[in-house]
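As you go down the protein sequences, you meet chains A and D in turn. The numbering of the first sequence is this note's numbering, which starts it at 1 and goes up by one. The numbering of the second sequence is this note's numbering, which starts it at 1 and goes up by one.
Note that these hints are calculated values from the structure, not bench results. Fair warning: there could be bad hints in the mix.
Claimed, not checked - On the chain D side, residues computed to face chain A include the following (Cβ under 10 angstroms):
1) Met65
2) Gly66
3) Gly343
4) Val380
5) Val387
6) Asn498
Stated by the list, open to error - Calculated from the model, a selection of chain D residues having no Cβ within reach of chain A, i.e. all distances over 10 angstroms:
7) Gln14
8) Trp22
9) Tyr149
10) Cys187
11) Phe299
12) Ile363
13) Thr508
14) Glu519
Stated by the list, open to error - Okay, the calculated bits of chain D under chain A, using three or more residues with CB under 8 angstroms as the criterion:
15) 240-254
16) 274-287
17) 449-462
Even glycine gets a Cβ: it sits at the ideal position worked out from N, Cα and C.
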Amino acid sequence: MYSTTDASNFVAGVDTAFYIILGISGVFLVAITVVMLYFVYRYNKKRNPVPTELHGSNTLEIIWTVIPTLLALLMFYYGWKGFYPQRYAPKDALAVTAVARMWSFSFEYPNGAVSNDLKVPIGRAVRVNMKAMDVLHSVFIPDFRIKTDAIPGKNNFIWFVSGKKGTYDLFCTEYCGVRHSYMNSTVNVMADADFDKWYKENGEQGATAGGTAVPGAAGKKIMEQKGCIACHSSDGSKIVGPSFKGIYGENVTVVTGGKDRTLKIDEEYIKRSIIDPSADVVKGFVAGQMISYKTELNDKQIGEIIEYIKTLNVK
Amino acid sequence: MSTDNYVNFFQEKQGRKGIWTWLLSTDHKRIGLMYLYSIMILFMVGLTLGILMKLELIAPGRTIMGPQTYNGIFTLHGIIMIFLIVIPGLPATFGNFFLPIMIGAKDVSFPKLNLFSFYLYILGALVATTSQFLPGGPPDTGWTFYAPYSFKTSTNMFPAVLGAFILGFSSILTGLNFIVTIHRLRCPGMKFMKMPMFPWTLYGTAWIQLLATPIVGITLLMVIAERFFHIGFFDPALGGDPVLYQHLFWIYSHPAVYIMILPAMGAISEIIPTFSRKGIFGYNALVVSTMAIAIVGYFVWAHHMFTSGLSMVAQFTFSLLTFLVAIPSAIKVFNWVATMYKGSINVQVPFLWALSFIFLFMIGGFTGLVLGAVATDIHVHNTSFVVAHFHYIIFGGMGFAFFAAMHYWFPKIYGKMYSKTPAIVGWALFFIGFNILYFPMFILGLQGMPRRYYDYLPKYASLNAVSTIGSWILAIGFLIVVINLIRGAIKGPKAEANPWEGKTLEWTIPSPPSLENFEEIPEIS
Ligand code: HEC
Ligand SMILES: [Cu+2]
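Use the sequences and the hints to build the structure in full.
What follows is the structure, encoded as structure tokens:
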């Protein structure tokens, strides 16, 4: 039903619009430029010392109003035609939620699977619902010719069927602050079987994620999925927020209600930093960049994160 | 008229001393020049910022600055270029200087208000400048101040917004002044349909300034109120709607594009006939298309928002109207080219700028169609394609027209002439550099490179490097042009009163004009 061999089912329609608009424009650009240069040459004052006064011509005005209007309507039509189907997603599409936050994407699947790249099966309709957590973002997949803004409080979506296996770039195209240009991901179009396998294995994320084999592994995974690592490193480098390397048990100077005070980094403090980041703002950092994760992380998950941070103390 | 005791407006003291003869002057010519000098200085700042940005983008990763600095620079570049240069642009400079002369008047209707507008402009510029130096750091929102990021950033948003607000008033008052001047002060016989094209376009522009600017004023006040009193207009966390902000912003900022391009078209409509040595072709069509652009231009703003999830009806309507507003611009191009037909063309420096204006403006216009059609806009929205497009329109269009006007009216303003050879060399480098700088950005955008990106994927590297090299060529061309003009103004040879054989009123009076422009108010037959 949605068969296509292109990277997405919209490529053909959008590219047709491009060819028509750029084609007509190109012809006009060249023609007008050539005529203009010809006039400059032919009617140069050396070759044509006496100008002939011409005030205008109604016939010409009508011709060069009507023809461009018709062409403009033609271009409009193809632009509309290429876009129209983008807004009507089939009901049976696989619904993925793109969670966009400063400065990372995570993609949540109906069965609870979560991924930092957009994994989709080839040949099946996929609908990606936008969920912006803080400011405006935008999901843009150039090879699919689609884009939509992620706006807090608004339910925009994109949908597509991809007919070509491969990895495609996915960018945030709505300016969102200091690490905007690093807010990108990929779309991974997989064979049906590969996708199903990944999908089954990763369902009900959180409960089984990472197992308990390596201490802190579960916490690390949560931090990747919730985008913490866009701002916090584990190797001591400062991104936007403080690095987590070796901080556990150390003292930290924070600004609380405008006053400096020194605290010890313990479980209580980390939990508060995640639930209410603006309460104690680490000195030298900017309040308000990290949003509260109160509704997104439960106590168990925060516990896993703390376990992970603790593991960053050993050298 | 005896030339011995002729006193031009530069020599006239108006009963003041030293610098005050300028700073307190209500002479429309001095005010026009004060705008011109302010704009040229600010333009050099804006250009330098642009060159720094391009230098940063010469290769992926960090080159000369960090991301926060980069974001601050593109914001400042946008604020300076749009609010301080492009919007006052030709009306404030050449409009102030030549509108009264071209319609046979001694000054604008409200000379004191005119000076007041200038000081509002300076005040707005100063307030906006403080945003760079206060603690908190330079604003990093982009010149569009999109909500809710603009409420979240800890940088100095407020002074920048307040500056833009004040500048809006300057623009409104100039528009009001021009409308009244055109209605009341045309000399006997100068019917509306006898008025030259440049005043006509100033008239269309003035109406946009008067009617559209208050909307941005209100919007910016709402932003300030939101920021300090947390009202909840735009911030979704408070129940507001960020898309509402975009509507209000573009209801002004789209017509603002016509504030800058209409007078540019007006200047071109003066220059082409003068150097073709014949009257403009299709005067009526040009007048009608000017007013059509001014009116339809109000109803296309949402083409900036096709990815924001507008209703299908809105997408359809705004896309269609965008295509319709392109028609009058096309008509203008056809009439300019037709004016050259059977002319006796004298290829002088202003004419070269005008020809290149038409070429660049066409590229800007045609790529605008890509942005007007919904399907293609979705793909290139917020990519460097858009950046290339509006630089072709604003810089290639309005910027080139500005330099065309500068070289055209220069002998009238200063009574002196610049040298021709450096002017042509400078123009050529400027034009070539311009295309090398911006054309690759169309391709980058089609390939998907987003705009406002401090860093980019390696696959975009080579075109970015080419673009950066273009910026250097453009800068060299710019310097040659400006130095040549300054030299000409200081020690160029004396120019005749009508070196180009122009037919409009400003060429009938001596150069530089006298304080009152005309000894006797002229009469048009
Ligand atoms: C948008 C960037 C950003 C994201 C995403 C982010 N943070 Fe933060 N975080 C910050 C900044 C900036 C600070 C320092 C200012 C403050 O304390 O609010 C901070 C502070 C912290 C602190 C206190 C650190 C210390 O050294 O005292 C902890 C703990 C923390 N964040 C945990 C998290 C966790 C867990 C996540 C993911 C669930 C996360 N952050 C996501 C920016 C971010
Ligand atoms: Cu983003």
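Against the structure, the hints come out as follows:
Given the 10 angstroms rule on beta carbons, the hint for D/Met65 is violated: about 12 angstroms separates it from the nearest Cβ of chain A. Hint on D/Gly66 holds. Least Cβ distance to chain A is approximately 9 angstroms, under the 10 angstroms limit. The beta carbon of D/Gly343 comes within 5 angstroms of a beta carbon in chain A, closer than 10 angstroms, and the hint placing it at the interface holds. Checking D/Val380 against chain A: minimum C-beta separation of about 9 angstroms stays under 10 angstroms; hint holds.
Among the interface hints, the one on D/Val387 is violated; its C-beta lies about 12 angstroms from the nearest C-beta in chain A, farther than the 10 angstroms criterion. Below 10 angstroms, beta-carbon pairs count as interface contacts, and D/Asn498 has none with chain A, the closest being about 16 angstroms; its hint is therefore violated. Distance check on D/Gln14: its Cβ is at least 42 angstroms (rounded) from any Cβ of chain A, clearing the 10 angstroms threshold; non-interface status holds. Taking the minimum C-beta to C-beta distance to chain A, about 40 angstroms, the non-interface status of D/Trp22 holds against the 10 angstroms cut.
Against the 10 angstroms criterion, D/Tyr149 falls within the reach of chain A, whose nearest CB is about 4 angstroms from its own CB. Residue-level check passed: D/Cys187 sits 23 angstroms from the nearest beta carbon of chain A, beyond 10 angstroms. With a cut of 10 angstroms on Cβ distances, D/Phe299 stays outside the contact zone with chain A, its closest approach being about 15 angstroms. At roughly 7 angstroms, the least C-beta separation between D/Ile363 and chain A is not larger than 10 angstroms, which violates its mark as non-interface.
For D/Thr508, the condition that its CB be more than 10 angstroms from all CB atoms of chain A holds, with the nearest at approximately 20 angstroms. In this structure D/Glu519 is separated from chain A by more than 10 angstroms, as the shortest Cβ-Cβ distance comes to about 30 angstroms. Counting residues of the region 240-254 of chain D whose C-beta lies closer than 8 angstroms to any C-beta of chain A gives 3; at least three are required, and the coverage claim holds. Residues of the region 274-287 of chain D lying with their CB closer than 8 angstroms to a CB of chain A number 9, which satisfies the three-residue condition for coverage.
With 8 residues bearing a CB less than 8 angstroms from a CB of chain A, the region 449-462 of chain D meets the requirement of three and the coverage assertion stands.
In this structure, the hints that do not hold are numbers 1, 5, 6, 9 and 12, in rising order.
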